[in-house]
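The hints should help you fit chains B, C, D, E and F onto chain A, whose structure is shown.
Protein chains: 6
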Amino acid sequence: MDVKAEDFFFGGLKPGNTTNKLGSSVNLVNVDKIAGLNTLGISLARIDFAPFGLNPPHTHPRATEILTVIEGELYVGFVTSNLKGGGNKLFTKLLKKGDVFVFPQGLIHFQFNKGHTNTVAIAGLSSQNPGAITIANAVFGSKPPISDDVLAKAFQVDKKTVDWLQAQFWMDNNK
Amino acid sequence: MDVKAEDFFFGGLKPGNTTNKLGSSVNLVNVDKIAGLNTLGISLARIDFAPFGLNPPHTHPRATEILTVIEGELYVGFVTSNLKGGGNKLFTKLLKKGDVFVFPQGLIHFQFNKGHTNTVAIAGLSSQNPGAITIANAVFGSKPPISDDVLAKAFQVDKKTVDWLQAQFWMDNNK
Amino acid sequence: MDVKAEDFFFGGLKPGNTTNKLGSSVNLVNVDKIAGLNTLGISLARIDFAPFGLNPPHTHPRATEILTVIEGELYVGFVTSNLKGGGNKLFTKLLKKGDVFVFPQGLIHFQFNKGHTNTVAIAGLSSQNPGAITIANAVFGSKPPISDDVLAKAFQVDKKTVDWLQAQFWMDNNK
Amino acid sequence: MDVKAEDFFFGGLKPGNTTNKLGSSVNLVNVDKIAGLNTLGISLARIDFAPFGLNPPHTHPRATEILTVIEGELYVGFVTSNLKGGGNKLFTKLLKKGDVFVFPQGLIHFQFNKGHTNTVAIAGLSSQNPGAITIANAVFGSKPPISDDVLAKAFQVDKKTVDWLQAQFWMDNNK
Amino acid sequence: MDVKAEDFFFGGLKPGNTTNKLGSSVNLVNVDKIAGLNTLGISLARIDFAPFGLNPPHTHPRATEILTVIEGELYVGFVTSNLKGGGNKLFTKLLKKGDVFVFPQGLIHFQFNKGHTNTVAIAGLSSQNPGAITIANAVFGSKPPISDDVLAKAFQVDKKTVDWLQAQFWMDNNK
Amino acid sequence: MDVKAEDFFFGGLKPGNTTNKLGSSVNLVNVDKIAGLNTLGISLARIDFAPFGLNPPHTHPRATEILTVIEGELYVGFVTSNLKGGGNKLFTKLLKKGDVFVFPQGLIHFQFNKGHTNTVAIAGLSSQNPGAITIANAVFGSKPPISDDVLAKAFQVDKKTVDWLQAQFWMDNNK
Numbered sequence: 001m002d003v004k005a006e007d008f009f010f011g012g013l014k015p016g017n018t019t020n021k022l023g024s025s026v027n028l029v030n031v032d033k034i035a036g037l038n039t040l041g042i043s044l045a046r047i048d049f050a051p052f053g054l055n056p057p058h059t060h061p062r063a064t065e066i067l068t069v070i071e072g073e074l075y076v077g078f079v080t081s082n083l084k085g086g087g088n089k090l091f092t093k094l095l096k097k098g099d100v101f102v103f104p105q106g107l108i109h110f111q112f113n114k115g116h117t118n119t120v121a122i123a124g125l126s127s128q129n130p131g132a133i134t135i136a137n138a139v140f141g142s143k144p145p146i147s148d149d150v151l152a153k154a155f156q157v158d159k160k161t162v163d164w165l166q167a168q169f170w171m172d173n174n175k
Numbered sequence: 001m002d003v004k005a006e007d008f009f010f011g012g013l014k015p016g017n018t019t020n021k022l023g024s025s026v027n028l029v030n031v032d033k034i035a036g037l038n039t040l041g042i043s044l045a046r047i048d049f050a051p052f053g054l055n056p057p058h059t060h061p062r063a064t065e066i067l068t069v070i071e072g073e074l075y076v077g078f079v080t081s082n083l084k085g086g087g088n089k090l091f092t093k094l095l096k097k098g099d100v101f102v103f104p105q106g107l108i109h110f111q112f113n114k115g116h117t118n119t120v121a122i123a124g125l126s127s128q129n130p131g132a133i134t135i136a137n138a139v140f141g142s143k144p145p146i147s148d149d150v151l152a153k154a155f156q157v158d159k160k161t162v163d164w165l166q167a168q169f170w171m172d173n174n175k
Numbered sequence: 001m002d003v004k005a006e007d008f009f010f011g012g013l014k015p016g017n018t019t020n021k022l023g024s025s026v027n028l029v030n031v032d033k034i035a036g037l038n039t040l041g042i043s044l045a046r047i048d049f050a051p052f053g054l055n056p057p058h059t060h061p062r063a064t065e066i067l068t069v070i071e072g073e074l075y076v077g078f079v080t081s082n083l084k085g086g087g088n089k090l091f092t093k094l095l096k097k098g099d100v101f102v103f104p105q106g107l108i109h110f111q112f113n114k115g116h117t118n119t120v121a122i123a124g125l126s127s128q129n130p131g132a133i134t135i136a137n138a139v140f141g142s143k144p145p146i147s148d149d150v151l152a153k154a155f156q157v158d159k160k161t162v163d164w165l166q167a168q169f170w171m172d173n174n175k
Numbered sequence: 001m002d003v004k005a006e007d008f009f010f011g012g013l014k015p016g017n018t019t020n021k022l023g024s025s026v027n028l029v030n031v032d033k034i035a036g037l038n039t040l041g042i043s044l045a046r047i048d049f050a051p052f053g054l055n056p057p058h059t060h061p062r063a064t065e066i067l068t069v070i071e072g073e074l075y076v077g078f079v080t081s082n083l084k085g086g087g088n089k090l091f092t093k094l095l096k097k098g099d100v101f102v103f104p105q106g107l108i109h110f111q112f113n114k115g116h117t118n119t120v121a122i123a124g125l126s127s128q129n130p131g132a133i134t135i136a137n138a139v140f141g142s143k144p145p146i147s148d149d150v151l152a153k154a155f156q157v158d159k160k161t162v163d164w165l166q167a168q169f170w171m172d173n174n175k
Numbered sequence: 001m002d003v004k005a006e007d008f009f010f011g012g013l014k015p016g017n018t019t020n021k022l023g024s025s026v027n028l029v030n031v032d033k034i035a036g037l038n039t040l041g042i043s044l045a046r047i048d049f050a051p052f053g054l055n056p057p058h059t060h061p062r063a064t065e066i067l068t069v070i071e072g073e074l075y076v077g078f079v080t081s082n083l084k085g086g087g088n089k090l091f092t093k094l095l096k097k098g099d100v101f102v103f104p105q106g107l108i109h110f111q112f113n114k115g116h117t118n119t120v121a122i123a124g125l126s127s128q129n130p131g132a133i134t135i136a137n138a139v140f141g142s143k144p145p146i147s148d149d150v151l152a153k154a155f156q157v158d159k160k161t162v163d164w165l166q167a168q169f170w171m172d173n174n175k
Numbered sequence: 001m002d003v004k005a006e007d008f009f010f011g012g013l014k015p016g017n018t019t020n021k022l023g024s025s026v027n028l029v030n031v032d033k034i035a036g037l038n039t040l041g042i043s044l045a046r047i048d049f050a051p052f053g054l055n056p057p058h059t060h061p062r063a064t065e066i067l068t069v070i071e072g073e074l075y076v077g078f079v080t081s082n083l084k085g086g087g088n089k090l091f092t093k094l095l096k097k098g099d100v101f102v103f104p105q106g107l108i109h110f111q112f113n114k115g116h117t118n119t120v121a122i123a124g125l126s127s128q129n130p131g132a133i134t135i136a137n138a139v140f141g142s143k144p145p146i147s148d149d150v151l152a153k154a155f156q157v158d159k160k161t162v163d164w165l166q167a168q169f170w171m172d173n174n175k
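Chains as they are written, first to last, in our numbering: chain A, 1 to 175; chain B, 1 to 175; chain C, 1 to 175; chain D, 1 to 175; chain E, 1 to 175; chain F, 1 to 175.
Treat the hints with care, as some may be off.
[Stated by the list, open to error] Here are the simulated DSSO-like pairs of lysine-lysine, each with C-alpha atoms no more than 30 angstroms apart in a straight line: (1) E/Lys-21 x F/Lys-84; (2) B/Lys-93 x C/Lys-33; (3) C/Lys-14 x B/Lys-93; (4) A/Lys-143 x B/Lys-96; (5) C/Lys-33 x A/Lys-143; (6) E/Lys-4 x A/Lys-96; (7) D/Lys-84 x C/Lys-4; (8) C/Lys-114 x B/Lys-14; (9) A/Lys-84 x B/Lys-84; (10) F/Lys-93 x D/Lys-97; (11) D/Lys-84 x F/Lys-33; (12) E/Lys-84 x A/Lys-96; (13) A/Lys-96 x A/Lys-21; (14) F/Lys-84 x E/Lys-114; (15) F/Lys-93 x E/Lys-4; (16) A/Lys-143 x B/Lys-84; (17) B/Lys-143 x A/Lys-21; (18) B/Lys-21 x A/Lys-84; (19) B/Lys-89 x A/Lys-21; (20) E/Lys-84 x F/Lys-21; (21) E/Lys-114 x F/Lys-143.
Simulated from the structure, these hints should not be mistaken for lab results.
So here's chain A without its partners, still in its complex pose:
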């Protein structure tokens, strides 16, 4: 085969457009963008946050994430899974420039810019194709919608609330 340097290169980890509802933008460099990552088990992302921008609760079904803040500050957290004797614990930290935080594989986590300036983070992910599931979008914005019987019971709200939520526009901040 005719392998070349470009097969291991991506030229576009530029500042993301955060002019959206969430005020954040994720730019993931996975095997779709660098063919040479195939079978190598890693990818990289840049995440931009406007002031008060949020990367909403989400999971990566096939990867652990390790993130560092390179500009601004970032309030981050993840929730542990169900456990006898008390799961669903929330672990949070306010990260300053140069701080590093780990989000273990498959756990629900979020990143929130509580400050008045932009924040930029770089993250490594332990899969060439980590995937991302934005919880609110997958639950209330799937196509077709999940039965409101299911969601009303699961979220302890009435069906009207579910129907209203399902009628919203669920923005995906992953490009």
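Just chains B, C, D, E and F, lined up with the frame of chain A:
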């Protein structure tokens, strides 16, 4: 070491108690219950459903699940992850006795008994410690609670609604 | 690609036909039957036993098996590998409905219905393509046959006995 | 820790004693003999054969084997697993000095010296603890013995023959 | 166990001290610095370069690296392994801010700041303990030294040159 | 598919031609030579040494190697990676016939015949495609050459020396 047959045995995959808000009960046999499963990468669960019982949207952070119905019927579904050109697709199926369905690793899925009789399912999971994250519980029932700023923005509701949700009792149907 | 719910579904884990020499029938749902299992590392089987039916000594070259009895009773066992200071230990257990047992990867194991009623078991296996090697069939029923010099020496019998065994019909209870 | 060269060294892959019923001897260098192999996923064996010596049908539950003959000749074979449309195929080859053969993970295989001179082989195995199951020994020589009901049915012989076989001495050629 | 947020946090990915012979500094956040990375298969590094600073040819024995430039420019390259029909190919690229490059597992690679300003890069590595082997240091600076017979022959220089090289101070830019 | 015994066979692990500058020859049997090795994670090599022959410092980017001497003697060594408190330790051993040594994944190692007779070794490697990087060749013999700015700084020599080295013929002893 003094290995014996009991290290590979568990005696309790009995009908679960479904007299609860969700009308379901999951009994997972993982490495905590059978020590001999260590490093072997598999576990097994029995899931019981009362009429209209629900195993609410959840993920297994470290496992794929393959399920078969051994009594009754079961409406099941999972939602794909974010994807360019359209992710968050819902795939559903009404399973009858003897039908089999796969929930790929880390994806949000649910199981719902739409019928008037009990349903029982057996599932294999591809990890000795698959973990389970009940989405509503992890999001609205974590300890301490996730900031309502984060959840209001993520779920497109006002903070009051978030606070009300966080004040509910979030039942865990996993024993 | 045009993925759909059917790619994660199999409709045929029905009671097996046990009217055969062994009085048992294995119905394995692997990646050949559910394409969506590809790369996901798990499969599921239903095993039916007539009274005194036997799933004869066999191995899965690429999987651990975890089994539960959903109807009847089942006498199960596996043999450990060669070990200094004493390998080839037999571990057995009489499983009742709801009991669970693990057969570690690659070890020789069997399941025997000692009772007068039918028995049904469901098993999870830690590979999308676990494979199955029925020991007697592979040893005495291979095509072409293994040299009777080899088998006579290995099994400490004369060649005539080997030849007689190789002339038998070796039934495969895996569909 | 105080790691040293000896942790990666084993000094005893010497000619094995083949003065036994099988006329063969396996000397496996696994993690028990070289502690430094831990987590590294490989081991090595020397196998000696007297004239007409046999390494009888066996499996490695956790490894593929790749073997080369360094002295003499060796008749080798393995049997494939059950398959729709015809499994249990025997693949054999007469190996001369310098020939290489692969025995895929978990499959039943044997090595037989058909010649009048000694044969020596070296094999690599894809696990630091591959394990070995000598089929005849595990089936007829386990402690305690497998029920003769099970073995009589599985091997299509009467119980007397099973009992006779179980009364034999089953030699283990693995040191 | 008493897990807490700090187990997933590291507070020190600060600008490195590049006042050294190589003009570079690597700060790796692996499982030694974040205990919560255990079994999760990923780590993160910040690499600082003074003008004309060099991260000299090295390998990671257990990881692929994916790197992005967050300040300045960086000339990077890796050499492929031996291959029939021509291995040892050099692939290089001049990376600008926001560019991403992949160094496949175990291959020799380097990063060089050809410019007059500082350069900063962030890299993800596909192991919680990737390891680093600085080629010149391992070859000429090992303790005890490698026999000069070996090195003279391997590097096609006389033993005096080897001895002179072995007498130098080999600086390790990894903290 | 039409699998046959030949897919698991290679007929050419013959004595290598050591009439070359290094006095050694490596004959690796990987998945390119035995198609049946695919996905099985192992390969095998024969290494021949003339008197004073050298297998020069090299790494396998994707494999651990376990080696045994079957003829002659062999002086072997590997260098550990960078470590706080002292890495780059050299571990060596003079192997006699029947001795075994392990070279952990990705570490720089060499094998040198210090004696007046031929030496032959057989090695197992933990990958069907382990790769090999001859350090001197990859560093000084790459095509195109690595910038002499980079190599002069890394190896603490002047550019003239680098240029002279790069002008040499770098022989590859791997067939």
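Comparing the hints with the structure gives:
For the suggested pair E/Lys-21 and F/Lys-84, the alpha carbons sit about 19 angstroms apart, so the restraint of at most 30 angstroms is met. For the suggested pair B/Lys-93 and C/Lys-33, the alpha carbons sit about 17 angstroms apart, so the restraint of at most 30 angstroms is met. Taking the CA atoms of C/Lys-14 and B/Lys-93, the gap is about 18 angstroms. The hint holds against a cut of 30 angstroms. The straight-line distance between the Cα atoms of A/Lys-143 and B/Lys-96 is roughly 24 angstroms, inside the 30 angstroms bound, and the hint therefore holds.
For a cut-off of 30 angstroms, the pair hint linking C/Lys-33 to A/Lys-143 stands: about 26 angstroms separates their Cα positions. Under the criterion of a C-alpha separation no larger than 30 angstroms, the hint pairing E/Lys-4 with A/Lys-96 is consistent with the structure, at around 18 angstroms. The hinted pair formed by D/Lys-84 and C/Lys-4 meets the criterion: a straight-line CA distance of about 26 angstroms does not exceed 30 angstroms. Using a Cα cut-off of 30 angstroms, the hinted pair C/Lys-114 and B/Lys-14 holds, with the two alpha carbons roughly 22 angstroms apart.
With a C-alpha separation of about 38 angstroms, the suggested pairing of A/Lys-84 with B/Lys-84 is violated against the 30 angstroms cut-off. Between F/Lys-93 and D/Lys-97, the direct Cα distance comes to roughly 28 angstroms. Compliance with the 30 angstroms bound is thereby established for this hinted pair. With a C-alpha separation of about 29 angstroms, the suggested pair D/Lys-84 and F/Lys-33 falls inside the 30 angstroms cut-off, and the hint holds. With a CA separation close to 50 angstroms, the supplied pair E/Lys-84 and A/Lys-96 exceeds the 30 angstroms bound.
Proposed proximity of A/Lys-96 and A/Lys-21 is supported: the alpha carbons are some 24 angstroms apart, at most 30 angstroms. This hinted pair checks out: F/Lys-84 and E/Lys-114 have alpha carbons roughly 29 angstroms apart, not beyond 30 angstroms. Distance hint between F/Lys-93 and E/Lys-4 is unfulfilled; the C-alpha atoms sit about 46 angstroms from each other, more than 30 angstroms. With a C-alpha separation of about 14 angstroms, the suggested pair A/Lys-143 and B/Lys-84 falls inside the 30 angstroms cut-off, and the hint holds.
Distance check on the hinted pair: B/Lys-143 and A/Lys-21 sit about 27 angstroms apart at the alpha-carbon level, within 30 angstroms; holds. At most 30 angstroms may separate the alpha-carbon atoms for a hinted pair to count; B/Lys-21 and A/Lys-84 meet this at roughly 19 angstroms. Annotation: proposed proximity of B/Lys-89 to A/Lys-21 holds, straight-line Cα distance about 22 angstroms (limit 30 angstroms). A distance of roughly 19 angstroms separates the Cα atoms of E/Lys-84 and F/Lys-21; the hinted pair therefore holds under the 30 angstroms criterion.
A C-alpha spacing of about 21 angstroms is found between E/Lys-114 and F/Lys-143, which places the hinted pair at or below 30 angstroms, so the restraint holds.
Figure legend: structure checked against the earlier numbered hints; hints not met, in rising order: 9, 12 and 15.
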